[in-house]
Amino acid sequence: MEDKNYWNILITPKDKVLSLDWREIWRYRDMFLLFVMRSFRTAYKQTILGPLWFIITPVLSVIVYVAVFGGIANIPTDGVPPALFYLLGISVWGYFASCLNSTSNSFVSNADIFGKVYFPRIIMPLVAVTTNMLSFFIQMLIFTAFYIYYFYTGAPIQMHWQIVLFPVYILLLAFMAVGFGMMISSITTKYRDVQIIFGKIVSLWVYITPVIYPMSMVTNPKLHLAMQLNPVTPVMEAIKYSVLGQGQFSWLWLAYSVLMTFIMMLFGLMMFNKVQKSFMDTV
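The sequence shown begins at 81 in our numbering and counts up by one.
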């Protein structure tokens with residue numbers, strides 16, 4: 081007689097490097113939620129101010145940016161109130177960079193968990209995106225309060241109909257970060273030097289992205305083209321244009337960003353699935 085309480089589950093590596101089993105991910109949704117809550121709660125665990133740091137950090141950054149880049153360097157913001165300009169740029173870039181850094185450490189930072197229990201490894205990059213999304217949502221609430229204040233005081237800001245695409249822009253940045261981050265995470269399982277170098281690259285990346293300055297400042301045609309080839313730039317400009325009415329919006333360059341995101345996700349998933357078969361032997 082067959083014992084109905086007997087379970088025999090065989091876990092084998094996936095043969096296809098492009099396989100992505102959404103049904104399996106859905107079966108592990110409870111673990112996904114637990115990881116999200118763990119990441120969010122431990123972000124500022126054992127701190128006095130706790131979750132208030134999600135508010136304090138961007139506000140302090142805006143004050144410094146306004147004082148340094150606006151007051152000392154006299155970098156223009158194309159008529160937009162500097163506080164709004166910098167807060168939007170800091171929040172959007174911060175979300176992209178946080179997703180990128182978290183995803184790029186997926187294998188190394190979770191090696192202990194991966195070695196003890198099975199679950200779809202792709203869950204960890206998704207956890208990074210979701211956790212950082214919660215922080216980004218809080219920062220957007222602060223931005224909305226600033227926006228309402230400046231709007232009613234007559235500041236030269238204007239929303240465009242593309243504001244309805246704002247969630248799409250953010251998801252585009254998230255997928256871009258996940259794809260690129262998975263590629264880096266796959267490489268760092270063998271070569272830890274890449275992780276150090278990549279951290280420096282992300283720190284410099286912000287300066288070739290129109291976060292703290294408008295694209296109108298870049299008048300050199302070759303430099304302007306080089307910055308547009310940065311896939312984050314068209315998305316950042318689209319967000320500024322739709323929210324503030326300032327920015328060099330282009331459907332063509334936005335399509336380029338979508339294409340680059342697809343390529344990053346494709347190669348990131350291929351490398352991630354290939355490495356996860358044996359990464360415990362090298363991490």
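Simulated from the structure, these hints should not be mistaken for lab results. There's no promise every hint is true.
What the hints assert, rightly or not - Computed cross-link-like contacts, BS3-like style, restricted to lysine-lysine with a CA-CA straight-line distance of at most 25 Å:
hint: 1; residue 1: K196; residue 2: K302
hint: 2; residue 1: K354; residue 2: K270
hint: 3; residue 1: K280; residue 2: K196
hint: 4; residue 1: K270; residue 2: K280
Worksheet entry | Given hint K196 paired with K280 - CA-CA distance at most 25 Å | Not satisfied, since the Cα-Cα distance of roughly 32 Å exceeds 25 Å.
Item to complete: With a cut-off of 25 Å on the C-alpha distance, tell me whether K270 and K280 pass.
Response: holds (19 Å)
Worksheet item: Are K196 and K302 close enough, with their CA atoms no more than 25 Å apart?
Response: The hint is violated at about 52 Å.
Worksheet item: When you check the alpha-carbon spacing of K354 and K270, does it fall within 25 Å?
Response: holds (13 Å)
Violated hints for the displayed structure, listed by number in ascending order: 1 and 3.
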